[in-house]
Amino acid sequence: MKSHFDEQLLYECYECARCTGSCPAALAVEGFNPRNYLLTCLRMGLDAVVSDEKLWCCTTCHVCEDRCPQMLDVTDLLMSLMNEAARRGFIPDKVRAGSQMVLHTGRVVLVSKRASEMREKLGLGPLPEIPVEEVEGILEKTGLAGLLG
Amino acid sequence: MGKRPKPAGISGPPGRSASGESLRIGVYVCHCGLNIDGSLDCQEVARFASTLDGVVLAKDSMYTCSNSGQEMIKADIREQGLNRVVVASCTPRLHEPTFRAACAEAGLNPYLFEMANIREHCSWVHLHDRKAATEKAKDLVKMAVARARLLEPQVETQVPITPKALVVGGGVAGIQASLDLAESGYQVYLVEKEASIGGRMAQIDKTFPTMDCSICILAPKMSEVGRHPKIELMTLSEVESVDGYIGNFRVRVRRRPRYVSRECTYCGDCAKECPQHAPNEFDCGLSTRKAIYSPFAQAVPATYLIDMNLCLNKHGIVACDRCLQACQHKCIDFSQKEEFLDLEVGTIIVCTGSDVYDPSSLTELGYGRFPNVITSLEFERLINAGGPTAGNLIRPSDKKVPRTVAFLQCIGSRSKRSNPYCSNICCMNTIKDALLIREHWPETKIYVFYIDIRAFGKGFEDLLQRARREGIVFIRGIPGEIIQDERTGNLKLIGENTLLSKLYQYEVDLAILSVGIEPRKDSAVVKRLLSLPSMADGFFMEAHPKLRPVDTPTGGIFLAGCAEGPKDIKDSVTQASAAASRANILMSKGKVTVEAITARIDPDLCTGCAACSRVCPYGAILVDPERKRAQVVEAACAGCGTCAPECRFGAIRMRHFSDLQILAQIDALAETAARRKILAFCCNWCSYAGADFSGVSRMQYPTEVRIVRTMCSGRVDPLFVEHAFSKGIAAVLVSGCHPGDCHYINANLQTEKRVQRLWKKMTRLGLDKDRLRLAWISAAEGLKFAREIQALQAVVAALSDEEIEKGIRAFSEKGQAA
Chain A
101 MKSHFDEQLL YECYECARCT GSCPAALAVE GFNPRNYLLT CLRMGLDAVV SDEKLWCCTT
161 CHVCEDRCPQ MLDVTDLLMS LMNEAARRGF IPDKVRAGSQ MVLHTGRVVL VSKRASEMRE
221 KLGLGPLPEI PVEEVEGILE KTGLAGLLG
Chain B
678 MGKRPKPAGI SGPPGRSASG ESLRIGVYVC HCGLNIDGSL DCQEVARFAS TLDGVVLAKD
738 SMYTCSNSGQ EMIKADIREQ GLNRVVVASC TPRLHEPTFR AACAEAGLNP YLFEMANIRE
798 HCSWVHLHDR KAATEKAKDL VKMAVARARL LEPQVETQVP ITPKALVVGG GVAGIQASLD
858 LAESGYQVYL VEKEASIGGR MAQIDKTFPT MDCSICILAP KMSEVGRHPK IELMTLSEVE
918 SVDGYIGNFR VRVRRRPRYV SRECTYCGDC AKECPQHAPN EFDCGLSTRK AIYSPFAQAV
978 PATYLIDMNL CLNKHGIVAC DRCLQACQHK CIDFSQKEEF LDLEVGTIIV CTGSDVYDPS
1038 SLTELGYGRF PNVITSLEFE RLINAGGPTA GNLIRPSDKK VPRTVAFLQC IGSRSKRSNP
1098 YCSNICCMNT IKDALLIREH WPETKIYVFY IDIRAFGKGF EDLLQRARRE GIVFIRGIPG
1158 EIIQDERTGN LKLIGENTLL SKLYQYEVDL AILSVGIEPR KDSAVVKRLL SLPSMADGFF
1218 MEAHPKLRPV DTPTGGIFLA GCAEGPKDIK DSVTQASAAA SRANILMSKG KVTVEAITAR
1278 IDPDLCTGCA ACSRVCPYGA ILVDPERKRA QVVEAACAGC GTCAPECRFG AIRMRHFSDL
1338 QILAQIDALA ETAARRKILA FCCNWCSYAG ADFSGVSRMQ YPTEVRIVRT MCSGRVDPLF
1398 VEHAFSKGIA AVLVSGCHPG DCHYINANLQ TEKRVQRLWK KMTRLGLDKD RLRLAWISAA
1458 EGLKFAREIQ ALQAVVAALS DEEIEKGIRA FSEKGQAA
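Chains A and B supply the protein sequences, listed in that same order. Taking my numbering, the leading residue of the first sequence gets 101, the next gets one more, and so forth. Taking my numbering, the leading residue of the second sequence gets 678, the next gets one more, and so forth.
What the hints contain is simulated information worked out from the structure, not anything from laboratory work. Treat the hints with care, as some may be off.
[Unchecked claim] Computed list of chain B residues with no C-beta within reach of chain A, every gap over 12 Å:
id: 1; residue: Asp753
id: 2; residue: Thr942
id: 3; residue: Pro1097
id: 4; residue: Gln1182
id: 5; residue: Arg1486
[As the list claims (entries may be wrong)] Straight-line Cα separation of at most 20 Å, EDC-like style, residue types lysine to aspartate or glutamate; simulated pairs:
id: 6; chain 1: B; residue 1: Lys1404; chain 2: B; residue 2: Glu1480
id: 7; chain 1: B; residue 1: Lys1093; chain 2: A; residue 2: Asp152
id: 8; chain 1: B; residue 1: Lys1169; chain 2: A; residue 2: Glu130
id: 9; chain 1: B; residue 1: Lys1093; chain 2: A; residue 2: Glu115
id: 10; chain 1: B; residue 1: Lys1179; chain 2: A; residue 2: Glu153
id: 11; chain 1: B; residue 1: Lys883; chain 2: B; residue 2: Asp730
id: 12; chain 1: B; residue 1: Lys1179; chain 2: A; residue 2: Asp106
id: 13; chain 1: B; residue 1: Lys1179; chain 2: A; residue 2: Glu130
id: 14; chain 1: B; residue 1: Lys1077; chain 2: B; residue 2: Glu1163
id: 15; chain 1: B; residue 1: Lys1093; chain 2: A; residue 2: Glu112
id: 16; chain 1: B; residue 1: Lys1198; chain 2: B; residue 2: Glu871
id: 17; chain 1: B; residue 1: Lys1093; chain 2: A; residue 2: Glu130
id: 18; chain 1: B; residue 1: Lys1093; chain 2: A; residue 2: Glu165
id: 19; chain 1: B; residue 1: Lys1179; chain 2: A; residue 2: Asp152
id: 20; chain 1: B; residue 1: Lys1093; chain 2: A; residue 2: Asp176
id: 21; chain 1: B; residue 1: Lys1093; chain 2: A; residue 2: Glu153
id: 22; chain 1: B; residue 1: Lys949; chain 2: B; residue 2: Asp1010
id: 23; chain 1: B; residue 1: Lys1093; chain 2: A; residue 2: Asp106
Since we're looking at a predicted model, the values are computed, not measured. We put the beta carbon where it would ideally sit given N, CA and C, even for glycine.
Using the sequences and the hints given, assemble the complete structure.
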């Protein structure tokens, strides 16, 4: 994290909480709190944050960043925290399942029979084949495949 | 090329001054506690100084500026017969006057004193390289000694001070300053842009922490200004131009027409008849006024005025005469014209005040979209008995009394997205406003959303505690968003209570944005007119933040109120009295001493070509076409030295900043390792002060730079730059005030022209023109100075020996001849 961020800039945060106050995920998920993640990181270190599954609730909408008076890249910070968590093996099951789906099928959602029938009814052609091997190759290179094990 | 012979006979025989006397130079290297000695070896520097030609005595001392330090210098002058004194310590902008006075007391002409700035320009900016810092300090001392050898005694002249003052801006600061000066017996001209004096304080309902009625305590002072025989009040007026210098400013004021004569009895019959409506600016647009109107009930002067942009009679065609018919005293005069008034004043006090932050750009808060989101200034008008609702707190959407009110702090303050500074007054203003609501509508639920409450002044914490006791709820955490209920107009505030780490949602009837203070939109105009420096945030800069807090770097001009920075009424009044007192001190002396740095023209060399007089910003050089001679009007000459480089015949001599002295400084720095060095010319007012500022801020930059001070960048003769290159110096920085900010009106325009010419010449000679750099650095731009030096250092690092040699050949006298 420290290699991605200027630590001095993070210390400029004066806890106004506009980020959390603006966050749609915080509104939906109790305990997801961008401001608190930043403060915890600074005061108690990465270890105190990376194991928290709620960290993954960030939708990367970037509203926090838009409104931060100190112009901190809060979303980028959360992203790098998630990356670090993944590197340490803390990947929530749902995220792991979703990622594996992408890895093996190239899709986020499985194409159900019903969906295919609906497409046909609406005159839309069948969905194109996905070059799964190519996707796997990419994820291999980015390291995601390795992390998923 | 080779426009004039290089001054010959640089220093006479060794060990003697130009006039032939035997040199006895004393050098004092100051430790300044650990400020200097902490990062360079003062003893070593003093030892080095003692080896220099003409130096008979070199000492290092703990605090040279202390009484004992000064006494030591005085004793040495008397006992050792010193005829030149060099002190290596802090910036001459701080202690040059101290040491000059000490020299004078010991019978040495103060112009035979020289300073080497080894603190701001050396020890503080090279904290981590003791060896290089020590070498640099030695160089700086060597340069100072080289200059000292050529110093000449000078006699200062005195000019009378006009015992009149100009006060710009009629807010509470301007009012206080005007009254203080008028009571001291000086004629005061108070220039106010608006139709009435009173400023922001007149708009506010109550003041903190005492809860006094704002207009009740201000109005008597306003009327006093209006009737004081020594104050000439000019409203609807703006300063158009300023020239002159300390004690003798010539000011031109533009007065817009009022279209109503002074006989107006303020009866208001005219306004009743006027058919034209417009938002009332004094009420922040929460009420309307007519085209003929009075700004507010207590206005001074108590005279109506016509807003010609709104009146049907603009363009000189009388299409409506209802007000004219209604006025029994026949005060309305559509024929009034704009007029210009020329004033002569000795001092100027700038009290131009501040603007209020406009929160429209913070779209998440809905200001401007949701009627029930208002600013703190709008709230002041809403709760004011003289305001649009006669003091009844109602919310704009449905005119109902709000039952829940929220205050949002730090709106437009402490943010890189708006203004980075704390606006100083908003916390206490909110606490006061919350208590006012509590007092009149005790059932109201009041929330204050804050980050930090800053209650630092006398009586402030008491007020905060009272607010807490009275049940005002303080919640730490600013709402991220305000959402309006379309049906009720109520507001939902979403945010996080950081003390509980829990999200909140509050529904309130009215949200008040506690907006910050910012520099006035037209402060750039004032800045340019008066050549004032400003900080990065736009507020005007004081001469010294601690010890000269109401002086500006320009002599005779003072600051008071929010023009200098956000502050409350008490601080504005205190500062205004201080500024008035500073102006009084100047004017009561009746005379001001002019530094003996003015230009002199040698009549034997002058041919009357008038090149000098064309570039003089002050028109201080008169040319007699018959006798073919130019002459300097000493009282008008400010000593910038812009004329000197213009003279092709070497006829102009700048006293105390002579060609010989500056060339000697260059020679001294070029003696060793010139190939790696950067010579920086800094003007006294902006860039030298900027370099000082980077020192005070401990900004670290490369050690290779050596600064030569000139009064103005216009003094920098292309000859100096060429001389530096001919001596093998790697790079030269010419720096001055930003265009438009020049302390000498526009002298730095000549600097730019000359540097352009030099660049052309260098290109023609096949030299790397990046070796010469031009930079505009204000007194507040310490960081910029450091960056300029870093940039030049990069150029120097990439220079080849061949390039240096080429420069030496091109600009050495032989090269010039060829």
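Verification of the hints:
| no. | hint | in the structure |
| --- | --- | --- |
| 1 | Asp753 | 48 Å, holds |
| 2 | Thr942 | 51 Å, holds |
| 3 | Pro1097 | 9 Å, violated |
| 4 | Gln1182 | 9 Å, violated |
| 5 | Arg1486 | 47 Å, holds |
| 6 | B/Lys1404 - B/Glu1480 | 13 Å, holds |
| 7 | B/Lys1093 - A/Asp152 | 31 Å, violated |
| 8 | B/Lys1169 - A/Glu130 | 19 Å, holds |
| 9 | B/Lys1093 - A/Glu115 | 15 Å, holds |
| 10 | B/Lys1179 - A/Glu153 | 18 Å, holds |
| 11 | B/Lys883 - B/Asp730 | 69 Å, violated |
| 12 | B/Lys1179 - A/Asp106 | 28 Å, violated |
| 13 | B/Lys1179 - A/Glu130 | 8 Å, holds |
| 14 | B/Lys1077 - B/Glu1163 | 16 Å, holds |
| 15 | B/Lys1093 - A/Glu112 | 11 Å, holds |
| 16 | B/Lys1198 - B/Glu871 | 14 Å, holds |
| 17 | B/Lys1093 - A/Glu130 | 29 Å, violated |
| 18 | B/Lys1093 - A/Glu165 | 12 Å, holds |
| 19 | B/Lys1179 - A/Asp152 | 17 Å, holds |
| 20 | B/Lys1093 - A/Asp176 | 18 Å, holds |
| 21 | B/Lys1093 - A/Glu153 | 32 Å, violated |
| 22 | B/Lys949 - B/Asp1010 | 18 Å, holds |
| 23 | B/Lys1093 - A/Asp106 | 16 Å, holds |
Hints 3, 4, 7, 11, 12, 17, 21 from the list above are not met by this structure, while the remaining hints are.
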